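Number of protein chains: 2
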Amino acid sequence: MRTLFTAEMSELADDLIAMGRHVETAINRANEALLTANVELAQSVIADDARLDDIEETVDERCVLLIAQQQPVGLDLRTIISALRISAALERMGDLAQHIAEAARRAYPDSAIPESHHAIFEGLAAAAAETATAVVGLLETRDLNAAAAIVSDDDKLDDLHSQAYQSLLDPAFNGTTQETLDIALMARFYERIGDHAVGISRRIVYLVTGDHKGDRARI
Amino acid sequence: MRTLFTAEMSELADDLIAMGRHVETAINRANEALLTANVELAQSVIADDARLDDIEETVDERCVLLIAQQQPVGLDLRTIISALRISAALERMGDLAQHIAEAARRAYPDSAIPESHHAIFEGLAAAAAETATAVVGLLETRDLNAAAAIVSDDDKLDDLHSQAYQSLLDPAFNGTTQETLDIALMARFYERIGDHAVGISRRIVYLVTGDHKGDRARI
Numbered sequence: 001m002r003t004l005f006t007a008e009m010s011e012l013a014d015d016l017i018a019m020g021r022h023v024e025t026a027i028n029r030a031n032e033a034l035l036t037a038n039v040e041l042a043q044s045v046i047a048d049d050a051r052l053d054d055i056e057e058t059v060d061e062r063c064v065l066l067i068a069q070q071q072p073v074g075l076d077l078r079t080i081i082s083a084l085r086i087s088a089a090l091e092r093m094g095d096l097a098q099h100i101a102e103a104a105r106r107a108y109p110d111s112a113i114p115e116s117h118h119a120i121f122e123g124l125a126a127a128a129a130e131t132a133t134a135v136v137g138l139l140e141t142r143d144l145n146a147a148a149a150i151v152s153d154d155d156k157l158d159d160l161h162s163q164a165y166q167s168l169l170d171p172a173f174n175g176t177t178q179e180t181l182d183i184a185l186m187a188r189f190y191e192r193i194g195d196h197a198v199g200i201s202r203r204i205v206y207l208v209t210g211d212h213k214g215d216r217a218r219i
Numbered sequence: 001m002r003t004l005f006t007a008e009m010s011e012l013a014d015d016l017i018a019m020g021r022h023v024e025t026a027i028n029r030a031n032e033a034l035l036t037a038n039v040e041l042a043q044s045v046i047a048d049d050a051r052l053d054d055i056e057e058t059v060d061e062r063c064v065l066l067i068a069q070q071q072p073v074g075l076d077l078r079t080i081i082s083a084l085r086i087s088a089a090l091e092r093m094g095d096l097a098q099h100i101a102e103a104a105r106r107a108y109p110d111s112a113i114p115e116s117h118h119a120i121f122e123g124l125a126a127a128a129a130e131t132a133t134a135v136v137g138l139l140e141t142r143d144l145n146a147a148a149a150i151v152s153d154d155d156k157l158d159d160l161h162s163q164a165y166q167s168l169l170d171p172a173f174n175g176t177t178q179e180t181l182d183i184a185l186m187a188r189f190y191e192r193i194g195d196h197a198v199g200i201s202r203r204i205v206y207l208v209t210g211d212h213k214g215d216r217a218r219i
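If you read the sequences in order, they're chains A and B.
Just so we're aligned, residue 1 is where the first sequence starts under the UniProt record's numbering, counting upward by one.
Just so we're aligned, residue 1 is where the second sequence starts under the UniProt record's numbering, counting upward by one.
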């Protein structure tokens, strides 16, 4: 019974890693679709999102069955409850990558991002890619250095989001309304990706260390 | 033991109702703050959001303890797992009301919404208020008519969000960039409030009827 439980907990962890890798791919592809106006990549992110939704459903069902059949307590129970939250956050990160890909697809053959904002979005894309890689690393190894990287990437994403937003209000900016909306919304999508990554990271840090550090795992 | 469990399940339900009422108040106040440029109301929404976060934490902790101590199965277990999802969705609805209040506060003494868009935002505010009331009703009574109202309000919110967005791209619109950004982001916040309400509604419909209707409870 115990061995079965251990195997099932391990499968649950593997499902989350699979979701994390899927999100990492989606973010990398959405980034490139956006920065290079690549409509095929944009399309692949949009088409593949359903797969992420399927894994999330599997994770949810596995969590309910694990609790019902094994009646875990203590850290095992908290790990399972955290898995529910983490899968929801990963699914949402995938949605945000999808929204970015949709904007890239809509603008095609043009870029959704005017030249003036290319550098900011390269920064957003790089930080989001980094955070996705760090989330996968954290899920795989529980190495807390990855948690620190996630917080640092989130700071970068917040700063760049704020820069992007402020740049639109600068009288020197003379983009179209569509460009204004794309920049504002996509910068926000990147910023939200960072928030979800931080939420996942806090959950895992809590499981590993028992330390809430005064903040709730807000995911 | 069973009586204690029943009492604890009832307290869990009460916590969710309390969260729902809190969200309803936050949405109503954010609406009025936005539509009438009332900075005191905006301030109260922002200040009160921490209370919602506290109740969410209580709900989460209660769910973990209920599972650990009572080892529920079947519908009881699914009800508790759903409570975790519902509390997260309610907390997020509160955040969105807070974001709307923040925009109202920032624009004060002006209105964040230009006269040209007042009617659309009256519609968004009314649909969001309705959906919050329906969510409370659904949590209190499990009356499935409330679920139908939530879906109908979500359709209204989606339509009005889309109208607001399209109106910004109309060459006839000559608002400032700040107005453009406020309209786009706030219409999106209202639209997201509707999405979270639908997610809550699907969870409860599933608990009451066992019917997934082919869609996942995506919250």
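Since the hints were derived computationally from the structure, they do not count as laboratory data.
Please note that the accuracy of each hint is not assured.
Partner residues are not named here, just some residues of chain A that face chain B (Cβ under 7 Å, in silico) [what the hints assert, rightly or not]:
hint, residue
1, L65
2, A68
3, I81
Predicted, not measured: the structure shown is a model, and the values here were computed from it.
A virtual CB, placed ideally from N, CA and C, is assigned to each residue, including glycine.
Results for each hint:
Here the hint on L65 (chain A) is broken, as its CB sits about 10 Å from the closest CB of chain B, past 7 Å. Hint status for A68 (chain A): holds, given a least beta-carbon distance of 5 Å to chain B, under 7 Å. About 6 Å separates the beta-carbon of I81 (chain A) from the nearest beta-carbon of chain B, less than 7 Å, and the hint is met.
In this structure, the one hint that does not hold is number 1.
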